[in-house]
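As a plain string of letters, each chain reads:
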Amino acid sequence: MLEVKGLFKSFGGVAAISDVNIDFPTGSLTAIIGPNGAGKSTFFNLISGGLIPDKGSVTFNGESLIGRSRAQIIDAGIGRAFQVARIFPTLTVEESLLGAVTAHRRRAQNITHRFPLPEMRDRTHEVAEMLGLVEKLGVTSANLSHGDQKLLDIALALVLDPKVLLLDEPTAGMGPDERWRMIERVHELWEREKLTLIFIEHDMDIVFKIAPKISVLCYGRLLAEGTPDEIRTNPAVIEAYLGTSHAEAAV
Amino acid sequence: MLSTRPNLARDISIAAVALIVLLLLPYVWPSRMMNDLVIRVSAFALFATSLNLLVGYTGMVSFGHGMFFGFGAYAFGLSMQRLGVSIPTAILITIVSSALLGLVVGAISIRLKDIYFSFITLAFQMLLYSTVIAWVPLTGGDQGLMGGIPRPPFLGIDLSIESHRYAFAVTIMVVGLLILRQIVESPFGYTLRMIRDNTERATFLGINVFRAKLTAFVIAGVFGSLGGMVMALFVSGAYPEFVNWTMSGEGIFMIMLGGLSTFIGPAAGALILSLLNDVITRGTEHHGLFLGAVILLFALGLRKGVTDFIADWFRTRREASTRSGN
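Residue numbers (my numbering), protein chains in the order written: chain A, 2 to 252; chain B, 931 to 1256.
Next up, chain A with everything else stripped away, as it sits in the complex (with noise of 0.2 Å):
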């Protein structure tokens, strides 16, 4: 289990985070909604190391993860993937991957093979397959589509052996038809590989169809948390961010 406790985090005076408290348990899979600016992103970079948080606590089963090493929290079972792709442009999506599993299995140092270590290849091509780009190995990065490159930016986190996954809006910048893809993906992952799932979503369509649990951020606080039938019709939440054409949907 994932926990958060009583985390804050500001930067130059201005709370990012306040005295947030979530929960995550095992295999659960959880919408992150909120404004822009309720320092959702924020949050994510809290828990995976890119930041670190000026008091509270984050415990993975138990032991803490503050103050460790990004590599000490990937180790421990955390992996992340980016609003905005961030990829190897200049690397073929295959190369990207062994490339990944190679540093993760500690040998981003070693000198004395070629590239790629042979038993890199199983995970890379498991993973690849996953999440449809196995068709798109030999493809360079950077002339990859736009969904590839969100698909090969998850893969990345993927072939870490996550066992908590955070996608920070996996659908952003896609057409409808490309998000509906996407979260079915991300969707059968979460099935697939028994994950703890914890993703920002804008598309309110697709969190209240997909999460069975959504916490709120708004103004760096944690507003709301429930099932997607207890956010639709919390006043709080209809007040600060849904608006009303959902509360009605729901009625």
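Since the hints were derived computationally from the structure, they do not count as laboratory data. Cβ coordinates follow ideal geometry from the N, Cα and C atoms, glycine included.
Footprint (simulated), chain A over chain B, 3 or more residues, beta carbon under 8 Å:
no. : stretch
1   : 935-947
2   : 1116-1122
3   : 1138-1144
We have chain A; now place chain B onto it with these hints.
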């Protein structure tokens, strides 16, 4: 695709053929000038290729790589002159001491990014240059290491004989490039490419960027110093020009001329720049003007190095033929 990735056996065969050709060259075409050119290019090829490990593969633009070239020349020359050791021992001293220099300079410089990294490497080089100029009793100051470097025979090799010197230089160059080639095609070489492409993402994959960059910096320093050592053997001395910032500039020119996206590009650039230097110096006193014009022509005309240009041309042709094949 990975299936066509160059394997070690193939690289060794290519290196062996190149070495045999270079060793036979003096017999096919006996010429003092040719020998001199090949030895100088051997020194510069090691220097430029090692610099490209940083510039091309890791995205670290060092403006101070000449410090290793000069350091290698002085370390080797001084070991031979002052310590009276054998040549293999002097080579070992050169390798170990330049690795230490790389470790210290790298550990400080790598903390800075982009242009600041470039500047601090340049600053370290200027520091070394000033030291060489000022420490007259040890280095001979602006006169350089005079009096010749002793070249006692070892293992049947006598470097005071020109043909031995030639064979020694090309062997060190070919073996050195083969090792560098192995390094850039190893898992570590791909770690460097990942750092170059997206440093931030590399850290989120658990790559220790500092350690990888420092390793690359030390390796590059060692092979750069071996280039300086070959040069010191050739001129039987070491001179402040070797350690001056213009040396680093020439390394960058070689990479630009030859191309940074192919492994052999910088070595090709070393050959091109040396040829240009020879031809232009013979034809005119306004040597810098013409050299500058040629480099401008490359930069503005091709917008890449020669080997980049050739590699792109082949790639375009291959892609065109696959398309028409479909």
